[in-house]
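Taken in sequence, the protein lines are chains A and B. To get the working numbering, take the position in the first sequence, counting from 1, and add 117. To get the working numbering, take the position in the second sequence, counting from 1, and add 44.
Worth flagging that the hints you see were computed from the coordinates, not collected in a lab. Because the structure is a prediction, the values reported are computed rather than measured. Mixed in with the good hints, there may be bad ones.
Stated by the list, open to error - BS3-like cross-link-like pairs, simulated, lysine-lysine; straight-line CA separation at most 27 Å:
1) Lys226/A <-> Lys215/A
2) Lys120/B <-> Lys287/A
3) Lys74/B <-> Lys229/A
Said to hold, decoys possible - Not close to chain A: a few residues of chain B, all C-beta gaps over 10 Å, as computed:
4) Ile77
5) Gln82
6) Leu88
7) Asp97
8) Leu100
9) Glu126
The beta carbon of each residue, even a glycine, is placed where N, CA and C say it ideally should be.
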Amino acid sequence: MRKDIIVAVCLAIVIVVVSYIVTLGGGLGPLFNDVRPLATIYLSTALNTYNITFTAMSPEAVTAIVWDYRGLDTLFETAVFYLAIIGSVAVYRGIDEKLRASEGFGLSKIVKVVTKLLIPMNIAIAASIALHGHLTPGGGFQAGAAMAVIPILLIVVFSRYFLLDIRLSKGLALALRSIGLVGIALTVFIPVVIGLIRGLNAYIMQNQAKINAPVSLPAFIGDSLISGSLILYNVSEFLAVSFGFAILFILLSIEEGLVKDQMRGEDVEH
Amino acid sequence: MELTYLLLAISMLFALIATYLAIIEKNLVKAVIFSALQSISFTLALYLLKAPDIVLVYLPITVGVYPAAILFLIRKTEEVEEL
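Could you put the whole structure together from the sequences, leaning on the hints where they help?
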């Protein structure tokens, strides 16, 4: 017990000293007062209708960086996530998730009612994070992560058979996730296709017109700012991430006994 | 400004305590809960550091998805850590 106190005091001293150096001591430069030169570049170009050379037509500088300025980086991050989900699907290959080992009871009625109230709010928040991802903080992955909480809640509160009852199976989740990934892939090639049709120079993942590549996706629909390709990427990534996590938790929630029986190849009672 | 620093210091100290409890806790379910508490205080710190994009992804992943995944794994293995 005394050793614990010594360790805790040492850790507290370390964190206080480090945070003093980082913040008030100015060890890493001012954190709150100044905007750094690199940030100034992105803030002045992210939404700039006067100088359209480098603009991404999005007031949200983070989304502009993630899907426009360093778009290929994010594309390969999505590929990593895709491979991780494919890996878990491969581990559970041949396992029938529709088999039932028992009746699912879930938690008490109070918890179920509260969850029923929470889920529409959660869907609305996730959709707003995805659809406003190019205007306010947020984006595809953030919205997908917010949406991924819903299958977890349903599995924990209502039991995993509830997901089967509302027909959210592994196959459906895989299909919706594939739609999201195909959406990302199509958005990557839209500028090139437009360029080929109109005989103009264009790059993959291009959003707005550049000096030697005058193809740009529409930044406005009517008066609404949609930031060209950014909204398409955000919505597609939202589908891919949310249903990717859904697959993961559908697979994780299968009873261990059922999985082992099926892996041994024994007959399972239906 | 001073209030921001104060809240930042409090949330990071709370995170430190939660991390320490998560490490020394032998019951893995309780350790996951301490880890989620640490994530909540990190979320507050990230918000104070003006990173709302990170907050939006950090909160559901570290308080929802990651504890759920670990709890499923604990259910499939053992609940109490044995040395």
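task = Find the hints from earlier in the document that the structure breaks and name them by number, from lowest to highest.
result = Hints 7 and 8 contradicted; others consistent.
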